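Taken in order, these protein sequences are the chains called Z and L.
The first sequence runs 211 to 354 under the working numbering.
The second sequence runs -8 to 445 under the working numbering.
Quick caveat, the hints were computed from the structure, so don't treat them as lab data.
Don't take each hint at face value.
Beyond 12 Å from chain Z on every Cβ pair, some chain L residues (computed) [unchecked claim]: (1) Arg120; (2) Tyr123; (3) Leu414.
Some, not all, of what chain Z presents toward chain L, calculated at C-beta under 10 Å [claimed, not checked]: (4) Val215; (5) Val218; (6) Glu221; (7) Ile239; (8) Ile271; (9) Arg278; (10) Glu287; (11) Pro293; (12) Met312; (13) Gly314.
Only a predicted model underlies this, so the values are computations on that prediction, with no experimental measurement involved.
Ideal Cβ placement from N, Cα and C applies to all residues, glycine included.
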Amino acid sequence: MSSTVQHVVREQLIETVSRLRDEGYVSVIDVTAVDYLEHPGRGDLPPEVAPERFELVVTLISHAEPKRIRLRVQVPETNPVVPTLFDLYPGTEALEREVADMFGITFEGHPDPTRILMPPDWEGHPLRKDFSVGRIPVQFKATR
Amino acid sequence: MTVTQPGHPSHTAHNTTAHNTTAASDLTDTAAASDLTDTAVRRRHNSAVLRIGEDDGERLEAESLASDTTMIMNMGPQHPSTHGVLRLMLEMEGETVLRSKPVIGYLHTGMEKTAETLTYLQGPTNVTRMDYAAPLFSELAFSLATEELLGLELPPRARWIRMLMCELNRISSHLLFQATNGMDIGAVSMMIYGWREREESLRLFEAITGLRMNHNYIRPGGVAADLPDGWRDEVLTLIDKLPARLAEFDTLLTGQPIYRERLQGVGVINTAECLALGVTGPILRSTGYSWDLRRDMPYLDYESLDFDVVVGTYGDCFDRYAIRLNEIRESIGIVRQILDQMPSGDYRVQDKKVTPPPRARIDESMEALIHHFKIFTEGFKVPAGEVYVAVESPRGELGCYMVSDGSGVPYRMHIRGPSFVNLQTLPHMMQGGMVADAVAVISSVDPIMGEVDR
């Protein structure tokens, strides 16, 4: 499966996505994020990209020449704000709400910044690595 | 009925057995892409979605007065036509839906968080519970992602068994759609027929995987077990029986004027809107846009199979029904080709670090015992990296984004559920219709809430 990875500074995210849209990437297929709190090095970043705690991952698809491109955006813990892609691709609305709900990343300019999966009054963001699942310790726990 | 009913004369020539395909080269047409830049799509999206909070929805419903011209109505999450626990906030004027918003999360169980505590071998038990109508596709996406990180090359028989099982699963999933769609529209007897056929395919799954649903059959490294003795006859019995049953569906539904009146011209969406909203699968194809990952971005060995991509014309509920019905027929054809070409050999990769040894070996070999113990306690280690793979599930593009930190459990596992994204079309399709149409629209999207909420 042909898929390329591109690292984007968040200030240039909108610009990059608009350019990709003009190049024939017809859909944003996925928006998700990763909390690299426990795996900060991650080994596969090019030297010019400074690792941050969060990473936003946007996958776009081109149909004319079937291919995908994955944009990886570093998002700092102290200011987890990213511009929304809603104005370019309205289909990112639910996906961005999910990322905001699960990781606490704010999407600037999002039309409906409410929680999507968790109850509205929920505290915390479950997919962050420092959010405890409250599990009972079981045998073979040390396998992590 | 509303919208363009009744009549819709162009629809009377609707032939559900015609398989239209578009060559991949036709996709270079940039008309759809340039439509995206048009703000009209976004404007319509903004005017269709009722962007209020969940609590506000409840409050406004309670507060609405008889003198108000519009009222807020909450439909679900316990409504029988919402396929589980989907809630819709509808802004209504009389019985006409103005704006709406799907409210989800009632089935959220944190499966992506759970995945971070399960080894790669345990992972499929988790993801198989997401899309419970098509569980093998989630297992497949998860396994393909793991294998790509591992750099594993699967033996041919493992790939072909996976294709066989996935196509059978596509058949059973679409049969379930036929049943629930009929029931939602009021053709209650259809539920019995659709369920009967689906139950027969589930019986086949039980014979092969041991379980009717949640199979945990496709695992990183291959499949859990080889096909049992007599599998070929059982598969043939099923696919020989189905065409006649599908003809019954045509008699019961396709030609029925009442059924067609309920679906034709209802819930119309166009290609530009679908692409802008990230919609995939039968909804995208119903607009006449030919896009199927099996053909356009092949995985496993789909490039060596011959099949048509079924597309619609009008992008309405009837097209989506007809596409799914004909995709069953296509899948039957694919299964026949797989039966003819099924290679022999291993059903899983012979890599001792990934594949547990056969039970009999454990009694005679110390190394086998050690490998067995290590795989089932620690799991196997996967090289650090990140990967996104996608497969064509019955509902559209099902993707798996996986990040490994080099340990025995995924650092992050994300499933891109087609139903989750496809639900965003509901406000579009419902706008201007009646509540009865809303039911038909939900049904035609065929959402599986387990995968929406995860």
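Consistency of the hints with the structure:
no. : hint   : verdict
1   : Arg120 : holds (16 Å)
2   : Tyr123 : holds (18 Å)
3   : Leu414 : violated (7 Å)
4   : Val215 : holds (8 Å)
5   : Val218 : violated (15 Å)
6   : Glu221 : violated (23 Å)
7   : Ile239 : holds (6 Å)
8   : Ile271 : holds (8 Å)
9   : Arg278 : holds (7 Å)
10  : Glu287 : violated (16 Å)
11  : Pro293 : violated (16 Å)
12  : Met312 : holds (8 Å)
13  : Gly314 : violated (14 Å)
Checked against the numbered hints above, the structure breaks hints 3, 5, 6, 10, 11 and 13 and satisfies the rest.
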